[in-house]
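Going line by line, the protein sequences match chains A and B. Per my numbering, the very first residue in the first sequence carries number 486; after that it's consecutive. Per my numbering, the very first residue in the second sequence carries number 486; after that it's consecutive.
Watch out, some of these pointers could steer you wrong.
Derived CB-CB ranges, DEER-like [to be verified]:
#	chain 1	residue 1	chain 2	residue 2	range
1	A	915	B	592	53 to 61 Å
2	A	582	B	516	46 to 54 Å
3	B	700	A	657	40 to 48 Å
4	A	897	B	765	46 to 54 Å
5	B	516	A	721	19 to 27 Å
Listed below are the simulated DSS-like cross-link pairs for lysine-lysine, each with C-alpha atoms no more than 30 Å apart in a straight line [said to hold, decoys possible]:
#	chain 1	residue 1	chain 2	residue 2
6	A	802	B	802
7	B	910	B	596
8	A	910	A	505
9	A	802	B	546
10	A	854	A	751
11	B	910	B	751
12	A	897	A	854
13	B	802	A	848
14	B	546	B	505
15	B	848	A	802
16	B	910	B	854
17	B	596	B	505
18	A	546	A	596
19	B	854	A	802
20	A	910	A	596
21	B	802	B	854
22	A	802	B	596
23	B	505	B	910
24	A	897	A	848
25	B	897	B	848
26	A	854	A	910
27	B	802	A	910
28	A	596	A	505
29	B	897	A	897
30	B	751	B	854
31	B	897	B	546
32	A	910	A	751
33	B	854	B	546
34	A	546	A	751
35	A	854	B	751
36	A	802	A	546
37	A	802	B	897
38	B	910	A	546
FYI, nobody ran anything at the bench for these hints, they're computed from the structure. We put the CB at the ideal spot given by N, CA and C, even for glycine.
2 protein chains.
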Amino acid sequence: MTTPHEYAQANAERFREQYKELIRIPSISTLPDHAPDVQRAAEWLAEHMRQAGFETAEIIKMPEGRHPLVLGQWNGAGPDAPTVLLYCHYDVQPAVVEDGWVTPPFEPTEKGERLYARGAVDSKLHVMSQLKACESLLQTGGSPVNLKLILEGEEESGSENINAFVDAHGDRLRADYCAISDGTILDPAQPSLVYALRGIIAMELHVSGPAQDLHSGHYGGSVHNPIQALAEIIAQLHDANGTVTVPGFYDAVIAADADERAQLAKANEWTEREWQRVAHAPQPWGEAEYNIHERVGLRPTLELNGITGGFTGPGFKTVLPQKAMAKISCRLVADQDPDEIFDLIQTYLAQITPPTVRSELIKMEPGAKAAVLGHTSRAMQAAARAYEQGWGARPIFERAGGSIPITYTFQKVADEVVIMGFGYKSGQAHGPNENIYLHSLHRGIDTAIYFLQEVGAQ
Amino acid sequence: MTTPHEYAQANAERFREQYKELIRIPSISTLPDHAPDVQRAAEWLAEHMRQAGFETAEIIKMPEGRHPLVLGQWNGAGPDAPTVLLYCHYDVQPAVVEDGWVTPPFEPTEKGERLYARGAVDSKLHVMSQLKACESLLQTGGSPVNLKLILEGEEESGSENINAFVDAHGDRLRADYCAISDGTILDPAQPSLVYALRGIIAMELHVSGPAQDLHSGHYGGSVHNPIQALAEIIAQLHDANGTVTVPGFYDAVIAADADERAQLAKANEWTEREWQRVAHAPQPWGEAEYNIHERVGLRPTLELNGITGGFTGPGFKTVLPQKAMAKISCRLVADQDPDEIFDLIQTYLAQITPPTVRSELIKMEPGAKAAVLGHTSRAMQAAARAYEQGWGARPIFERAGGSIPITYTFQKVADEVVIMGFGYKSGQAHGPNENIYLHSLHRGIDTAIYFLQEVGAQ
Chain A
486 MTTPHEYAQA
496 NAERFREQYK
506 ELIRIPSIST
516 LPDHAPDVQR
526 AAEWLAEHMR
536 QAGFETAEII
546 KMPEGRHPLV
556 LGQWNGAGPD
566 APTVLLYCHY
576 DVQPAVVEDG
586 WVTPPFEPTE
596 KGERLYARGA
606 VDSKLHVMSQ
616 LKACESLLQT
626 GGSPVNLKLI
636 LEGEEESGSE
646 NINAFVDAHG
656 DRLRADYCAI
666 SDGTILDPAQ
676 PSLVYALRGI
686 IAMELHVSGP
696 AQDLHSGHYG
706 GSVHNPIQAL
716 AEIIAQLHDA
726 NGTVTVPGFY
736 DAVIAADADE
746 RAQLAKANEW
756 TEREWQRVAH
766 APQPWGEAEY
776 NIHERVGLRP
786 TLELNGITGG
796 FTGPGFKTVL
806 PQKAMAKISC
816 RLVADQDPDE
826 IFDLIQTYLA
836 QITPPTVRSE
846 LIKMEPGAKA
856 AVLGHTSRAM
866 QAAARAYEQG
876 WGARPIFERA
886 GGSIPITYTF
896 QKVADEVVIM
906 GFGYKSGQAH
916 GPNENIYLHS
926 LHRGIDTAIY
936 FLQEVGAQ
Chain B
486 MTTPHEYAQA
496 NAERFREQYK
506 ELIRIPSIST
516 LPDHAPDVQR
526 AAEWLAEHMR
536 QAGFETAEII
546 KMPEGRHPLV
556 LGQWNGAGPD
566 APTVLLYCHY
576 DVQPAVVEDG
586 WVTPPFEPTE
596 KGERLYARGA
606 VDSKLHVMSQ
616 LKACESLLQT
626 GGSPVNLKLI
636 LEGEEESGSE
646 NINAFVDAHG
656 DRLRADYCAI
666 SDGTILDPAQ
676 PSLVYALRGI
686 IAMELHVSGP
696 AQDLHSGHYG
706 GSVHNPIQAL
716 AEIIAQLHDA
726 NGTVTVPGFY
736 DAVIAADADE
746 RAQLAKANEW
756 TEREWQRVAH
766 APQPWGEAEY
776 NIHERVGLRP
786 TLELNGITGG
796 FTGPGFKTVL
806 PQKAMAKISC
816 RLVADQDPDE
826 IFDLIQTYLA
836 QITPPTVRSE
846 LIKMEPGAKA
856 AVLGHTSRAM
866 QAAARAYEQG
876 WGARPIFERA
886 GGSIPITYTF
896 QKVADEVVIM
906 GFGYKSGQAH
916 GPNENIYLHS
926 LHRGIDTAIY
936 FLQEVGAQ
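With the sequences and hints as input, model every part of the structure.
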């Protein structure tokens, strides 16, 4: 009998062509003109789910002007077998040749070991890896686990609806294990598994002084300039070590033990190389007692995302402005609570705002707690073995500095969640000339098959 | 025989109507569509100079697209009499009803004691005061001094050409005394004479860190955020007292003696009221050892005119930006040199820029030294007596915080320069509902006549 891996190998050429077919549908969710393309991609995917062997493949409409979910289900493993929820997104970022594309962005182009196209890595690589892993199992005797494959069509335009859908229809998505398939591994030769993501809270800090914009000649020297006052406030938010000075900021932070830090030391080798390649600032910055991987993954931050005040056009204008504003966000780690952190910052700002100006801190969105998946769960261990077999190397466990809000959502419907990325950081997701190594698709399919087999065998 | 003052009084009604006639010409120099109006105003003025008794009245063309000077001359006082150069500008700021005008901006409207119109105070009040003072003298036996009345048509749009004209044709404008007639006095009941203006040097401070904009999740905590670094640098430019910390910044500053500070204490009474009315910040700010008038007039400043970096639109974007920029200007007092001050700041910034970022300071324009006219010159004393007689109160001497670059230019062609303003700070120059008290025009004419008589009698 043919094994799923043999099936995948025998059908590799067809899988690759179908991957290209999906890429050619410009399913750009951020541009209303492309709504029909997103719809077309959803229909293509539902049809291919059915062909793959899913029992049902449903296009779930979202509110007018938004983009559908596609949900495929297969319950052939029976009520005693575990259920696995697989998530990917099939929408893509916009792309035009003028952004610096060497080849047409929606015509997948092979060059040497790579394939170039918008969506190549983010995230049609993942969509096709999971879909074809399911097909390979379903066409060779069935899957050892029940399957729910959910594909989102608006991840690149705010994921407005999926969280509400999961909250309202949690029973339909209930699973023992969930794999969010998106993102990157450390290096083509070194797979990795993210077991922690930072949370976030975003805010605006407004500082105002005089009743109106003033002439800097007529009032300069007698009024605390709001830009200067804002700068003076910002300068008090970190100490010389880069540690956040807001009292209580670190109180809820769970420290890493020696074992975990030893793990992170391995991941840091790649992180440092990546830092030099991408960030390439004159020197690294931040808390000296943590390596770069830890500063980004293990430690919370208080970051300035924007600042504006006064006249910023060409030339100069001798204005002493009425106000200035900074956009601030904190990346949070477990167990920091977004609302508590906001309150701590607000209290501290009230203390350090001088009597010569007024300040106001505004919360931008509800914020999100850090998601900790743990590197010892059954799902995570199954994923590690899957990469070892499918990718060819034991993965390193890493902490990610970013936030994937859907993680938190899926933790509500699945007992254990893992994140399985097959991209590389050089894949230029969101940028021009987005690309994958062609082997990624086939390694991705293999790894995804092994994951389903591993969780099925437990 | 009729005195000039009697003539002015007898013709008050006509002068006021002619002032309104000039206001009705919307001589907006900043809007190319209004170039014909500026030209029409110039022609109106040349014609009225001739009618007033000037021997010559010349429209001096400026480069294509720019606006003419009008120069009237009368040399009837003879070669032994002093020559007085009078300067005003006849162009105005734009004005549209939508900005909040209660009456049509170019239809002068009397309401109670006031007259509302664009240009009412800035600066057709001054143009007509000087022109009608000259007429009153020339039509009643002649002026005791030779007269050169120069009117500029692009003061509101950068004064691009007058400085070059003065430099190239200094001989034509050579004078013993020069009165720049523009600006405001402390209060309708308290005239004042500005005897010092601050200079200026403007610059941009650029701070950059990483090679590109970064994702604040993926790199936050490991890269010195350029907005934060810029804020930390700005926060080191003043101490807690508001004193500039740049080494050497105050080395060239000439201290005021006790007499001068006693004068300034008088002016400060009005300055403090004005500060509360216009600036109205939660508290005054600045060097505790100086009063508000001194902080603005006697002391140099380092002011933030603008700041920008990262994402500043609605919502938030989790960017860790590549760079940030601040616009900075220094108001200078005698004897600070703009280039030296720039160099001092540049040196200091190089010292305090941390090794985690790069900084660059860029000079925006050549800058200008402070203009010190002195309050003891013959011209200034003549102006003081003129206000006392024409306005009805002995003026207070004051220092102005702003810069009038033309002052420095006229110091090259005239032995002594004074600034004679007839406006009030509540006159809303540049704003909607610009206005004067109607008595200002007649007091202005009288004061201008007295000034010419006083310098003629010396």
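Hint by hint, here is what the structure shows:
For the pair residue 915(A) and residue 592(B), the beta carbons lie near 57 Å from each other, so the given range of 53 to 61 Å is met. About 40 Å separates the C-beta atoms of residue 582(A) and residue 516(B), a value inconsistent with the hinted range of 46 to 54 Å. Range check, residue 700(B) to residue 657(A): Cβ separation about 33 Å, and the 40 to 48 Å hint is violated. Between residue 897(A) and residue 765(B) the beta carbons are some 51 Å apart, a value that agrees with the proposed interval 46 to 54 Å.
Range check, residue 516(B) to residue 721(A): about 45 Å between beta-carbon atoms, so the 19 to 27 Å window is missed. Between residue 802(A) and residue 802(B) the CA atoms are separated by roughly 28 Å; this keeps the pair inside 30 Å, and the hint holds. Between residue 910(B) and residue 596(B) the alpha-carbon distance is near 18 Å, which keeps this suggested pair within the 30 Å criterion. Distance hint between residue 910(A) and residue 505(A) is fulfilled; the C-alpha atoms sit about 21 Å from each other, no more than 30 Å.
Taken as a hint, the residue 802(A) and residue 546(B) pair is honoured in the structure, with Cα atoms around 28 Å apart against an allowance of 30 Å. Between residue 854(A) and residue 751(A) the CA atoms are separated by roughly 26 Å; this keeps the pair inside 30 Å, and the hint holds. Our distance criterion of 30 Å between C-alpha atoms is met by residue 910(B) and residue 751(B), whose separation comes to about 17 Å. Using a Cα cut-off of 30 Å, the hinted pair residue 897(A) and residue 854(A) holds, with the two alpha carbons roughly 13 Å apart.
Pair hint residue 802(B) plus residue 848(A) holds up; C-alpha atoms about 14 Å apart against a cutoff of 30 Å. Taking the CA atoms of residue 546(B) and residue 505(B), the gap is about 25 Å. The hint holds against a cut of 30 Å. A hinted pair counts as satisfied when its Cα atoms are at most 30 Å apart, and residue 848(B) with residue 802(A) qualifies at roughly 14 Å. For the hint pairing residue 910(B) with residue 854(B), the CA-to-CA distance comes to about 25 Å; that is within 30 Å, so the pair holds.
A threshold of 30 Å between alpha carbons decides the hint, and for residue 596(B) with residue 505(B) the separation of about 14 Å falls inside it, so the pair holds. Between residue 546(A) and residue 596(A) the alpha-carbon distance is near 38 Å, which puts this suggested pair outside the 30 Å criterion. A C-alpha spacing of about 18 Å is found between residue 854(B) and residue 802(A), which places the hinted pair at or below 30 Å, so the restraint holds. For the proposed pair residue 910(A) and residue 596(A), the alpha carbon gap of about 18 Å is at most 30 Å, so the pair holds.
The suggested pairing of residue 802(B) with residue 854(B) is violated, with an alpha-carbon distance near 43 Å, which exceeds 30 Å. Distance restraint check for residue 802(A) and residue 596(B): the Cα-Cα separation of roughly 34 Å exceeds the 30 Å cut-off, and the hinted pair is therefore not satisfied. Restraint check for residue 505(B) and residue 910(B): the C-alpha separation of about 21 Å stays at or below 30 Å, so the hint holds. Using a Cα cut-off of 30 Å, the hinted pair residue 897(A) and residue 848(A) holds, with the two alpha carbons roughly 25 Å apart.
In summary, the hint linking residue 897(B) to residue 848(B) is supported, as the alpha carbons are separated by about 25 Å, within the 30 Å threshold. Only pairs whose Cα atoms come within 30 Å are accepted, and residue 854(A) paired with residue 910(A) is accepted, the gap being roughly 25 Å. For the proposed pair residue 802(B) and residue 910(A), the alpha carbon gap of about 20 Å is at most 30 Å, so the pair holds. In summary, the hint linking residue 596(A) to residue 505(A) is supported, as the alpha carbons are separated by about 14 Å, within the 30 Å threshold.
Straight-line distance between C-alpha atoms of residue 897(B) and residue 897(A) comes to about 80 Å, which puts the hinted pair past the 30 Å bound. Between residue 751(B) and residue 854(B), the direct Cα distance comes to roughly 26 Å. Compliance with the 30 Å bound is thereby established for this hinted pair. Distance check on the hinted pair: residue 897(B) and residue 546(B) sit about 22 Å apart at the alpha-carbon level, within 30 Å; holds. The straight-line distance between the Cα atoms of residue 910(A) and residue 751(A) is roughly 17 Å, inside the 30 Å bound, and the hint therefore holds.
Between residue 854(B) and residue 546(B) the CA atoms are separated by roughly 29 Å; this keeps the pair inside 30 Å, and the hint holds. Between residue 546(A) and residue 751(A) the CA atoms are separated by roughly 44 Å; this puts the pair beyond 30 Å, and the hint is violated. Our distance criterion of 30 Å between C-alpha atoms is broken by residue 854(A) and residue 751(B), whose separation comes to about 60 Å. Taken as a hint, the residue 802(A) and residue 546(A) pair is broken in the structure, with Cα atoms around 52 Å apart against an allowance of 30 Å.
Simply put, residue 802(A) and residue 897(B) have alpha-carbon atoms about 27 Å apart, close enough for the 30 Å limit, and the pair holds. Under the criterion of a C-alpha separation no larger than 30 Å, the hint pairing residue 910(B) with residue 546(A) is inconsistent with the structure, at around 63 Å.
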